[in-house]
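Residues per chain are reported as follows:
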Amino acid sequence: MTQMKERLVQLEVLRYNPDTDTEAHFQRYEVTCYEEGVVLDALNKIKADIDPTLNFRWSCHMAVCGSCGMMINGEPKLSCHTFLREYEGVIRVEPLTHFPIERDLVTAPDDFMEKLKRVKPYIIPKEDKPISEGEYKQTPAQLMKFRQYSMCINCMLCYAACPQYGLTPEFIGPAALTMAHRYNQDSRDGGRKERQEVVATHEGVWECTFVGACSEVCPAHVDPASALQQMKITSSIDWIVEHMIPGGKK
Amino acid sequence: MAKSHKPVVWFPFAAGGTVIAFFIPVIVVLTFMAALGHIPPGLSYEKMHAFASNGLGKLIIFGVVALSLWSSAHRLRCTFYDFGVRADTLVAIVLYVAAIAGSLLSAVYLLQI
Amino acid sequence: MSRRPLVREVPPTSWYFRHPRYLRYMSREITSIFVGAYCLLLVVGLQRLASGPTAWEGFLLGLRSADSIVFHLLALAAAVYHATTWFNATQKAMPIQIGEDFVPGNVISGAHYVVWVVLSFAILFLVGVF
Numbered sequence: 699m700t701q702m703k704e705r706l707v708q709l710e711v712l713r714y715n716p717d718t719d720t721e722a723h724f725q726r727y728e729v730t731c732y733e734e735g736v737v738l739d740a741l742n743k744i745k746a747d748i749d750p751t752l753n754f755r756w757s758c759h760m761a762v763c764g765s766c767g768m769m770i771n772g773e774p775k776l777s778c779h780t781f782l783r784e785y786e787g788v789i790r791v792e793p794l795t796h797f798p799i800e801r802d803l804v805t806a807p808d809d810f811m812e813k814l815k816r817v818k819p820y821i822i823p824k825e826d827k828p829i830s831e832g833e834y835k836q837t838p839a840q841l842m843k844f845r846q847y848s849m850c851i852n853c854m855l856c857y858a859a860c861p862q863y864g865l866t867p868e869f870i871g872p873a874a875l876t877m878a879h880r881y882n883q884d885s886r887d888g889g890r891k892e893r894q895e896v897v898a899t900h901e902g903v904w905e906c907t908f909v910g911a912c913s914e915v916c917p918a919h920v921d922p923a924s925a926l927q928q929m930k931i932t933s934s935i936d937w938i939v940e941h942m943i944p945g946g947k948k
Numbered sequence: 684m685a686k687s688h689k690p691v692v693w694f695p696f697a698a699g700g701t702v703i704a705f706f707i708p709v710i711v712v713l714t715f716m717a718a719l720g721h722i723p724p725g726l727s728y729e730k731m732h733a734f735a736s737n738g739l740g741k742l743i744i745f746g747v748v749a750l751s752l753w754s755s756a757h758r759l760r761c762t763f764y765d766f767g768v769r770a771d772t773l774v775a776i777v778l779y780v781a782a783i784a785g786s787l788l789s790a791v792y793l794l795q796i
Numbered sequence: 595m596s597r598r599p600l601v602r603e604v605p606p607t608s609w610y611f612r613h614p615r616y617l618r619y620m621s622r623e624i625t626s627i628f629v630g631a632y633c634l635l636l637v638v639g640l641q642r643l644a645s646g647p648t649a650w651e652g653f654l655l656g657l658r659s660a661d662s663i664v665f666h667l668l669a670l671a672a673a674v675y676h677a678t679t680w681f682n683a684t685q686k687a688m689p690i691q692i693g694e695d696f697v698p699g700n701v702i703s704g705a706h707y708v709v710w711v712v713l714s715f716a717i718l719f720l721v722g723v724f
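Those protein sequences? They're chains A, B and C, same order as listed.
Following this note's numbering, the numbering of the first sequence begins with 699 at its first residue and continues without gaps.
Following this note's numbering, the numbering of the second sequence begins with 684 at its first residue and continues without gaps.
Following this note's numbering, the numbering of the third sequence begins with 595 at its first residue and continues without gaps.
Simulated from the structure, these hints should not be mistaken for lab results.
Errors might be hidden in some of the hints.
What the hints assert, rightly or not - Mimicking DSS-like on lysine-lysine, the simulated pairs with C-alpha atoms at most 25 Å apart in a straight line are:
| no. | chain 1 | residue 1 | chain 2 | residue 2 |
| --- | --- | --- | --- | --- |
| 1 | A | Lys815 | A | Lys843 |
| 2 | B | Lys686 | A | Lys824 |
| 3 | B | Lys686 | A | Lys815 |
Unchecked claim - Over the 12 Å line for every Cβ pair with chain A, so calculated as not near, a few chain B residues:
| no. | residue |
| --- | --- |
| 4 | Met684 |
| 5 | Ala685 |
| 6 | Val692 |
| 7 | Val702 |
| 8 | Leu719 |
| 9 | Gly720 |
| 10 | Ile722 |
| 11 | Ala735 |
| 12 | Leu739 |
| 13 | Gly740 |
| 14 | Gly746 |
| 15 | Ala770 |
| 16 | Leu793 |
Unchecked claim - Pulled a few chain C residues facing chain A out of the computed Cβ check, cut under 10 Å:
| no. | residue |
| --- | --- |
| 17 | Arg598 |
| 18 | Arg602 |
| 19 | Pro606 |
| 20 | Arg615 |
| 21 | Tyr616 |
| 22 | Tyr619 |
| 23 | Arg642 |
| 24 | Glu651 |
| 25 | Leu655 |
| 26 | Arg658 |
| 27 | Asp661 |
| 28 | Ala687 |
| 29 | Gly693 |
| 30 | Phe696 |
| 31 | Val697 |
| 32 | Val701 |
Ideal Cβ placement from N, Cα and C applies to all residues, glycine included.
Only chain A is shown next, with the shape it has when bound in the complex (with noise of 0.2 Å):
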């Protein structure tokens, strides 16, 4: 058997500590891992040797869970799933940008999941009917007209990654309106009208300018930005049966 290969390998991470600190600075590390490690391997290769005080989140170290989400070189990246050998030199590791800093690489997704539980992220049943009369059913064509929207592991890469969330806090943003899509292409679902409320709105889908960042980090391949455009489309499309068809409004 082959022995693993190793390398050295050089991060800058960025450090904040609420207790002491009142602005964030870059420490260097210096850490020797497998060829095939990702940075996640190296974070805990530091914590484990150089310095237990250093805080991140990581859950699954498998790109499921979600929890690993940082900047790596200025990308937002799962960090478990960015590989060393891809990188020269020193690797710069941030906590995601748009989010308050909770200490170190940890960041505050309050705001993000205060906005998800807005869209209702859930099924809001067509019509209500016993258990007795079994279950609701789908046909593959069904399941696939949301699937991909539902892959979706709430990493908030794409927060990080999108400018308008950035630049105005008050947008929904991607992940929490593509939930919302989800939900209202799901065949089982008759709650789209009391997500429109969130959707349609200023800081709803309209804050959206197309970009395209947030399905380029996007990790599970949802495609926020083209949820996003569709919904910009039938929210339009409401928006004229409301307004110029008579007693079309609501």
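Knowing the structure of chain A, use the given hints to seat chains B and C on it.
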């Protein structure tokens, strides 16, 4: 929170963006040829006048000019914001009024032909 | 342990230098300046056309200057760049599902490119360029 009236400005923006994509490049090529001194035969006064005298021709010219103007004005409004200009209402009024004025003038000229 | 999150401001006038994809986005948005200016030129052209043959000939002759050539090159680049970004976006805005499967995105965008090329050549032909 109230629903937004953005569709009023966004729908013509989207329509105009499509019109620009399909028609403006080739129209630029035509006047570019004129700029280089090779005026295409179809740009002669007789041909252009005949096209613009026709009702359908008037409609096509007006549609292309008005929608393209609107689309550019709306996108420019967003661009101002992106460059950090926060007086959005003022910017919007100036640009939309300019687009509407350009469209009205086009309509007036077309009706004179 | 105190909770005192550090809020970082986004520089409102220079944020687009942070990443090449933002510069790409801004260049797409800036095409509107040149396209809009070109549309104003078209409005002027209509005014000339409405004023009679001499005015129209004068308008066409007036286009023959170095400034006008530069402006046309900028407008052409802007219009073509706008067109490509627009057609590439169609697959995002209007995905088409047939049965279980979605039509591949590049088929939707590709169809727009085909229509664009055919339309452009048809117009050039009608105007007698060839």
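- Task: Against chain A, run the beta carbon of Arg598 (chain C) and see if the smallest gap drops under 10 Å.
- Result: holds (4 Å)
- Task: Grab the minimum beta-carbon distance between Leu793 (chain B) and chain A and tell me whether it stays above 12 Å.
- Result: Consistent with the label, Leu793 (chain B) stays out of reach of chain A, its closest Cβ about 26 Å off (over 12 Å).
- Is the Cβ of Ala685 (chain B) more than 12 Å away from each Cβ in chain A? violated (7 Å)
- Task: Hold the hint about Val697 (chain C) up to the distance rule: shortest CB distance to chain A must be less than 10 Å.
- Result: At 12 Å from the nearest chain A Cβ, Val697 (chain C) fails the 10 Å test, so the hint is violated.
- Query: Would the hint on Glu651 (chain C) stand, with a C-beta cut-off of 10 Å toward chain A?
  - Reply: violated (42 Å)
- Message: So Ala735 (chain B) supposedly isn't at the interface. Is its beta-carbon more than 12 Å from every beta-carbon in chain A?
- Response: holds (30 Å)
- Item | Non-interface label on Leu739 (chain B), tested against every C-beta of chain A at 12 Å | Fine: 25 Å to the nearest Cβ keeps Leu739 (chain B) off the interface.
- Message: Would the hint on Tyr619 (chain C) be counted as holding, given a Cβ-Cβ threshold of 10 Å to chain A?
- Response: Since the shortest Cβ distance to chain A is 5 Å, the answer is holds.
- Message: Please verify whether Lys686 (chain B) and Lys824 (chain A) have alpha carbons no more than 25 Å apart.
- Response: The hint holds at about 22 Å.
- Message: Just want to verify: Gly746 (chain B) was marked as not at the interface with chain A; is every Cβ pair farther apart than 12 Å?
- Response: holds (19 Å)
- Task: Please settle this one: Gly720 (chain B) was flagged as non-interface, so is its CB more than 12 Å from every CB on chain A?
- Result: Gly720 (chain B) is indeed farther than 12 Å from all Cβ atoms of chain A, at 40 Å.
- Query: Taking 12 Å as the cut and beta carbons as the points, is Gly740 (chain B) off the interface with chain A?
  - Reply: Gly740 (chain B) clear of chain A: closest Cβ-Cβ about 28 Å, beyond 12 Å.
Violated hints for the displayed structure, listed by number in ascending order: 4, 5, 6, 23, 24, 25, 26, 27, 31 and 32.
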